[in-house]
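Residue numbers (the numbering used here), protein chains in the order written: chain A, 1 to 484; chain B, 1 to 100.
Since the hints were made in silico from the structure, they are not lab data.
Keep in mind that the hints are not guaranteed to be accurate.
Coverage of chain B stretches by chain A, computed from C-beta distances (three or more under 8 Å per stretch; other residues unrestricted) [stated by the list, open to error]:
no.: 1; region: 62-71
no.: 2; region: 77-83
no.: 3; region: 89-95
Covered by chain A, according to a simulated footprint, are these stretches of chain B (three or more residues, beta-carbon under 8 Å) [stated by the list, open to error]:
no.: 4; region: 13-19
no.: 5; region: 28-42
Subject to a maximum C-alpha distance of 16 Å in a straight line, what follows is the list of computed EDC-like cross-link-like pairs (lysine to aspartate or glutamate) [stated by the list, open to error]:
no.: 6; chain 1: A; residue 1: 252; chain 2: A; residue 2: 283
no.: 7; chain 1: A; residue 1: 238; chain 2: B; residue 2: 63
no.: 8; chain 1: A; residue 1: 80; chain 2: B; residue 2: 74
no.: 9; chain 1: B; residue 1: 35; chain 2: B; residue 2: 9
no.: 10; chain 1: B; residue 1: 34; chain 2: A; residue 2: 412
no.: 11; chain 1: B; residue 1: 4; chain 2: A; residue 2: 411
no.: 12; chain 1: A; residue 1: 343; chain 2: B; residue 2: 25
no.: 13; chain 1: A; residue 1: 2; chain 2: A; residue 2: 27
no.: 14; chain 1: B; residue 1: 61; chain 2: A; residue 2: 232
no.: 15; chain 1: B; residue 1: 7; chain 2: B; residue 2: 25
no.: 16; chain 1: A; residue 1: 80; chain 2: B; residue 2: 77
no.: 17; chain 1: B; residue 1: 34; chain 2: A; residue 2: 411
no.: 18; chain 1: B; residue 1: 4; chain 2: B; residue 2: 25
no.: 19; chain 1: A; residue 1: 21; chain 2: A; residue 2: 61
Note that the Cβ used here is the ideal one computed from N, Cα and C, for glycine as well.
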Amino acid sequence: MKYLNKPILEINKLLKEKVIKPLDLVEEAFANIEKNKALNAYITLNKEEAIKTAKELENKEVDNILFGLPIAIKDNIITKDLRTTCASHMLENFLPIYDATVVKKIKAKNMIIIGKTNMDEFAMGSSSRTSYFGAPKNPWNTNKISGGSSGGSAVTVAARDVFLALGSDTGGSIRQPASYCGIVGMKPTYGRVSRYGLVAFASSFDQIGPLTKNVYENALLLNAIVGKDDNDLTSADKESEDFTRLIGKDIKGMKFALPNYFMSDIVSQEIKEKIISVSKILEKLGAKVDYVDVKYLENAVTLYQIIAMGEASSNLARYDGIRFGYSLPNPTSIDNLYYETRKTGFGKEVKRRIMVGSYLLSGENAKIYYNKALSIRDDMQKEFTNLFQKYDLVIGPTTTTTAYDLTDPMDDPLKSFLDDVLVIPVNMAGLPGMNVPIGFSKDNMPIGMHIIGNKFEEAKMYQLASCIEKELNLALTPGGEINE
Amino acid sequence: MEDKLTKEEVLHVAQLARINIDEDELETYQIELKKLLNEVEKISAVKGYDDEKLIASWDRKTELREDIAGEMLDPKEVINNAPRHSGNYIEVPVVIGDES
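Here chain A stands alone, though its shape is the one from the complex (with noise of 0.2 Å):
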């Protein structure tokens, strides 16, 4: 590997000075996917328009840190003209005729989209085995899981085939893949980015952001993709301001919030053991981190079942074999079209959400469980309002485990909620979570530690972050040396 482990500063330069060229990185992003074709981070590559924008750039000026850097995007964010599939049988064939706002602001700056990535069918779950396409594999360890989600983009992000990619998170499907493969994973604060062209899934919780591999580069790609969108009714009308600018300053006096619950027996004490040694650093360094009560945490997985399945239910009655995607050869009605095309079209995960999700919508139901649990939702935002009056962020582990192996048992409906426990409260918080590699395992697989900011304080984490990333110095490299 010549150029794509090295960080984007030192690329920004040699590009600039000319002594390397835009395709320079788009054939060694190549040559690195077929050589790690066996992790499966893509359903679908771009290589001949990649190349043709590579060439293209050589006679632009490098106007942008981001300038001709490969990225890999979630294949749930729509790419005009290039297939958008969403894992799914149902838009296998799918080419969509325009592009989302993200993927619009990533072509602004230049950068180039080396393919769209492997994910969970329609973002429904937490291993990534769900896809039509078969599951990416860990670089870690190729017998593990990726984590899901968005599987593929941290696969590939951690294989350092590419240097940036985009993910989307509904219940942790950024954060917790980004810490099964030790990367850096943020979700922002829901309406900070734009959801337009991001196929829907749960939409109340639904955000995209950047995955990367070291904490100053994640905040390079979230200042591209924010904004206010006409096209985003939910999108937020915030001035743009630069999410590197606490990077490196100094974490002394902060006050970090760690919910008892975060450290409760559903996490592994291996974890435990390294979220204390990293809270002992912090507090070395002049923070305070205190053990807190936090309501409703141990409510939000069931509270996120009822609303995620409900809107699920709602947003993928499209899928209907009329107006796009796939369709019931010769449908001898109106019902069997619906009925035969959607049997056919989705997986099993998705049917089983999409089923439970109509069931709790219908009729007296929805105000029993759907309107009961946007309620309590909304006390637990309050909840963490309340906390960040008294605390700069929130500390704790990302995930309950490492990344169990890709053969470990799928019948069970309830795990795919399950793992993401942890990181789920973020999402129905609307808040900013985000994953920063703090170590690894006995077996040699990262840890992440997850960070949470109030709303619109995504700064504050990247400072906390970086600080982290600094004093642990940690070797990230798949097959490199590990340094602690």
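Based on these hints, arrange chain B on the given structure of chain A.
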């Protein structure tokens, strides 16, 4: 008694979701859907929240954009994306048929 939905209950939720289920899949769904519903049922035990308020507060003002025509999708491209189409129309099987 086994903890599972009845066949009729599974067929009911499948009908709500407009998804056909094969006879040999029924048993699995009876068990799996029940597991999910048991989990969801835990919400009834959650206490201490304020039941009287609005179900979802919104901390931002409702924003409407100016009513100015912007960039639009080309209707031809939209129609072409439909699996069955003819001219400017999307084709569907007969919706109102004779039920006899």
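Going through the hints against the structure:
1. 62-71: holds (count 3)
2. 77-83: That given contact holds, which follows from 5 residues of the region 77-83 of chain B lying within Cβ reach (below 8 Å) of chain A.
3. 89-95: holds (count 5)
4. 13-19: Our answer is that it holds, as 6 residues pass the Cβ test (under 8 Å) against chain A, meeting three.
5. 28-42: holds (count 9)
6. A:252 x A:283: 9 Å, holds
7. A:238 x B:63: 13 Å, holds
8. A:80 x B:74: Given pair residue 80 of chain A, residue 74 of chain B holds - Cα atoms ~13 Å apart, limit 16 Å.
9. B:35 x B:9: Distance of about 14 Å is within 16 Å: holds.
10. B:34 x A:412: Between residue 34 of chain B and residue 412 of chain A the Cα gap is close to 11 Å, so the pair holds against 16 Å.
11. B:4 x A:411: 15 Å, holds
12. A:343 x B:25: 11 Å, holds
13. A:2 x A:27: 11 Å, holds
14. B:61 x A:232: 14 Å, holds
15. B:7 x B:25: 10 Å, holds
16. A:80 x B:77: 11 Å, holds
17. B:34 x A:411: 13 Å, holds
18. B:4 x B:25: Distance ~14 Å between residue 4 of chain B and residue 25 of chain B Cα, so the pair holds.
19. A:21 x A:61: 12 Å, holds
Hint compliance for this structure: no hint is broken.
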